[in-house]
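A.B. asks: Sequence:
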Amino acid sequence: MRPTTASPSSKRWERIDGVAIGLIAFLTLVHTVLALRLPLAPDETYYWDWSRSLDWGYYDQGPVIALIIRASTMLLGTSEIGVRAGIIACSTATLWLIFRAARRLFGPRAGLAGVGLSGLTPMGVAGGFVATYDIPMALAWAWALWAASGLVVPDSGKAGESDRRDPLRWITIGVALGVGILSKYSMVLFVPCLFLWLVDSPEQRWRLRTYGPWLALGIALMVNLPNLGWQSQNDWPTFRHMFHLTDKGIDRTVLRRFGDFLGSQAGLMTPLLFLGMVAALADAWKRRRRDPRLAFACWLSAPVLLFFALQTLKSKVEANWAILGWIGAAVAYAGWVWGEGTGSSRRRQKYGATALAFAAVLTTLTAWPELRLAVGIRIPARWDQSRKMYGGRELAKACQSEMARMHEVSGCRPVLVSTTYDVTARLAFYAPGQPRTFCLFLGTRDNQYRYWNSRAGLRPGGCALIVERVVRDPINPPDYGSVFDRVETIDPPVAIRVPRLYTEPALEYRLYRAWGYHPH
Numbered sequence: 019m020r021p022t023t024a025s026p027s028s029k030r031w032e033r034i035d036g037v038a039i040g041l042i043a044f045l046t047l048v049h050t051v052l053a054l055r056l057p058l059a060p061d062e063t064y065y066w067d068w069s070r071s072l073d074w075g076y077y078d079q080g081p082v083i084a085l086i087i088r089a090s091t092m093l094l095g096t097s098e099i100g101v102r103a104g105i106i107a108c109s110t111a112t113l114w115l116i117f118r119a120a121r122r123l124f125g126p127r128a129g130l131a132g133v134g135l136s137g138l139t140p141m142g143v144a145g146g147f148v149a150t151y152d153i154p155m156a157l158a159w160a161w162a163l164w165a166a167s168g169l170v171v172p173d174s175g176k177a178g179e180s181d182r183r184d185p186l187r188w189i190t191i192g193v194a195l196g197v198g199i200l201s202k203y204s205m206v207l208f209v210p211c212l213f214l215w216l217v218d219s220p221e222q223r224w225r226l227r228t229y230g231p232w233l234a235l236g237i238a239l240m241v242n243l244p245n246l247g248w249q250s251q252n253d254w255p256t257f258r259h260m261f262h263l264t265d266k267g268i269d270r271t272v273l274r275r276f277g278d279f280l281g282s283q284a285g286l287m288t289p290l291l292f293l294g295m296v297a298a299l300a301d302a303w304k305r306r307r308r309d310p311r312l313a314f315a316c317w318l319s320a321p322v323l324l325f326f327a328l329q330t331l332k333s334k335v336e337a338n339w340a341i342l343g344w345i346g347a348a349v350a351y352a353g354w355v356w357g358e359g360t361g362s363s364r365r366r367q368k369y370g371a372t373a374l375a376f377a378a379v380l381t382t383l384t385a386w387p388e389l390r391l392a393v394g395i396r397i398p399a400r401w402d403q404s405r406k407m408y409g410g411r412e413l414a415k416a417c418q419s420e421m422a423r424m425h426e427v428s429g430c431r432p433v434l435v436s437t438t439y440d441v442t443a444r445l446a447f448y449a450p451g452q453p454r455t456f457c458l459f460l461g462t463r464d465n466q467y468r469y470w471n472s473r474a475g476l477r478p479g480g481c482a483l484i485v486e487r488v489v490r491d492p493i494n495p496p497d498y499g500s501v502f503d504r505v506e507t508i509d510p511p512v513a514i515r516v517p518r519l520y521t522e523p524a525l526e527y528r529l530y531r532a533w534g535y536h537p538h
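Numbering (the numbering used here), first residue to last: 19 to 538.
In short, the hints are calculated from the structure, not lab data.
Just so it is clear, the structure is predicted and the values come from calculations on it, not from any experiment.
Think of the CB as a built atom: it goes at the ideal place given N, C-alpha and C, for glycine as much as any other residue.
One or more of the hints may lead you astray.
[As the list claims (entries may be wrong)] Here are the simulated distance ranges between beta carbons:
1. F459 x A422: 26 to 32 Å
2. T271 x L246: 35 to 41 Å
3. V37 x G281: 47 to 53 Å
4. R365 x A284: 33 to 39 Å
5. T271 x R307: 18 to 24 Å
6. L293 x F459: 24 to 30 Å
7. A392 x Q251: 29 to 35 Å
8. L243 x V217: 25 to 31 Å
9. G281 x R463: 41 to 47 Å
10. R468 x A513: 27 to 33 Å
11. A284 x L389: 38 to 44 Å
12. F44 x F261: 40 to 46 Å
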């Protein structure tokens with residue numbers, strides 16, 4: 019079946035385009051309101067700390083998230099909205115590119131649906147304002163997918179043919195791929211996805227004999243050369259970090275890990291949309307010879323989801339790792355249900371509309387916990403991941419008073435210390451003056467503070483205020499006595515309470531006075 023494009027001249031299509039733009043604007047407003055309402059999550063403060071020390075690479079990933087946060091805080095100041103403003107802009111651009119890609123492939127109604135499918139889910143809303151490196155990577159994937167969709171439905175309107183914009187499309191794919199890899203290395207999965215699509219598509223296979231794909235790969239490599247140089251100079255820390263992550267959860271059974279993965283993905287996308295998208299990808303696979311548009315959307319999503327599903331055979335897979343697969347899946351589902359010439363049925367459209375409405379309701383209840391209380395839904399704090407956002411200011415206040423007391427008693431200026439990167443970063447952002455903080459590596463995983471600890475000012479013989487989040491049944495509690503002469507526990511723990519949401523503390527932190535530092 020030959021792909022078709024919808025004519026933009028119809029007033030009806032113009033109205034649909036206007037609604038899509040309005041929905042993108044509304045979602046951007048929602049992201050901004052949430053960014054203003056909620057404190058920073060610990061990971062956000064970690065990436066903000068990256069932005070204070072710009073470099074070509076970091077222990078965990080590449081430098082793009084640090085550059086974005088640095089730019090936005092220079093414009094808006096070091097505040098929650100300052101840290102998140104660049105990410106909100108990335109999310110808006112991602113929705114716009116998904117709209118353009120779905121519209122090009124399947125028509126205006128599918129373009130509008132693509133925005134809803136991508137933006138009205140818990141993944142879409144959280145990804146719209148929480149400052150992590152997944153978001154610029156998702157933008158790069160959507161950018162590359164939009165550029166590659168022009169190979170399916172070119173300006174000439176004839177599938178599989180080259181047109182005058184092909185060189186620009188390959189250049190765009192290369193730049194997007196390079197920037198995406200600099201955001202997070204998972205972006206490299208775009209390469210096998212695109213390659214498999216080209217190999218599997220008889221009308222596209224000839225492109226592998228042209229310079230286009232290889233030009234894109236060359237550009238992506240050139241964009242990443244500075245980061246690769248940094249990696250080589252620092253013993254390839256990000257690659258070692260990724261291999262370490264593949265050992266997580268090995269104490270659980272394969273069935274448990276696979277079930278956790280499916281449950282996390284259904285939670286991010288909401289159950290009805292999850293099932294609908296999986297069904298769309300399965301049908302697109304069966305019909306890929308008859309409809310190249312569905313084949314393209316399938317190949318640019320299904321391999322990613324399958325890759326991480328297979329990863330559960332070896333280790334635990336975090337919920338956010340597979341988000342790239344849902345970008346193409348949203349385009350595929352939009353085309354499968356609302357696209358022109360895809361043979362959609364009324365029954366399929368009713369299910370899709372119901373799934374979207376259900377997703378919007380669940381997402382609203384997730385983003386605004388107060389609405390859950392209004393309808394009588396109260397969940398334990400330990401079940402709510404958003405609880406980790408609360409308490410930065412309260413913790414900093416408790417630490418400030420204790421540090422002043424230690425200084426008054428001993429004359430020693432204590433350094434803020436933790437054994438985990440997230441608490442170390444939270445202290446750095448919320449403590450008065452945003453000091454350099456110190457991470458003790460006592461049985462916890464490596465992180466960027468390995469390179470920065472010398473800046474915190476903790477010298478042999480010095481004192482510190484140790485801050486740790488209270489966790490149930492810690493496997494290997496830190497041995498502070500191995501690096502300090504004397505350690506005193508401060509009672510009671512600092513309890514972070516959000517009474518309007520939880521009956522029990524959202525988080526608890528234990529503080530320790532530590533004297534006489536002696537490094538290993």
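A.B. asks: The hint says 47 to 53 Å between V37 and G281; measuring C-beta to C-beta, is that right?
C.D. replies: This hint is violated: roughly 33 Å between Cβ atoms.
A.B. asks: Quick check on a hinted range of 33 to 39 Å for R365 and A284, using CB atoms only.
C.D. replies: violated (22 Å)
A.B. asks: Could you check the hint for me, namely that F44 and F261 are 40 to 46 Å apart, CB to CB?
C.D. replies: Taking Cβ atoms as reference, F44 and F261 lie about 42 Å apart, which means the hint holds.
A.B. asks: Cβ-Cβ distance between T271 and R307: within 18 to 24 Å?
C.D. replies: Because 38 Å falls outside the window, the suggested range is violated.
A.B. asks: With respect to the beta-carbon atoms only, verify the hint that G281 and R463 lie 41 to 47 Å apart.
C.D. replies: Violated: the Cβ-Cβ distance is about 24 Å, outside 41 to 47 Å.
A.B. asks: Is 35 to 41 Å right for how far apart the beta carbons of T271 and L246 are?
C.D. replies: holds (37 Å)
A.B. asks: Does the Cβ distance between A392 and Q251 fall inside 29 to 35 Å?
C.D. replies: violated (55 Å)
A.B. asks: Holds or violated: 38 to 44 Å for the Cβ distance of A284 and L389?
C.D. replies: violated (21 Å)
A.B. asks: Lying within 27 to 33 Å: is that true of the beta-carbon distance R468 to A513?
C.D. replies: For R468 and A513 the Cβ distance comes to about 31 Å; the hint holds.
A.B. asks: Take the C-beta atom of F459 and the C-beta atom of A422, compute their distance, and say whether it sits inside 26 to 32 Å.
C.D. replies: holds (28 Å)
A.B. asks: Do L243 and V217 keep their Cβ atoms within the hinted range of 25 to 31 Å?
C.D. replies: With Cβ atoms ~28 Å apart, the hint holds.
A.B. asks: For the pair L293 and F459, does the Cβ-Cβ distance stay inside 24 to 30 Å?
C.D. replies: violated (44 Å)
Going down the numbered hints, you'll see the structure goes against 3, 4, 5, 6, 7, 9, 11, while the others check out.
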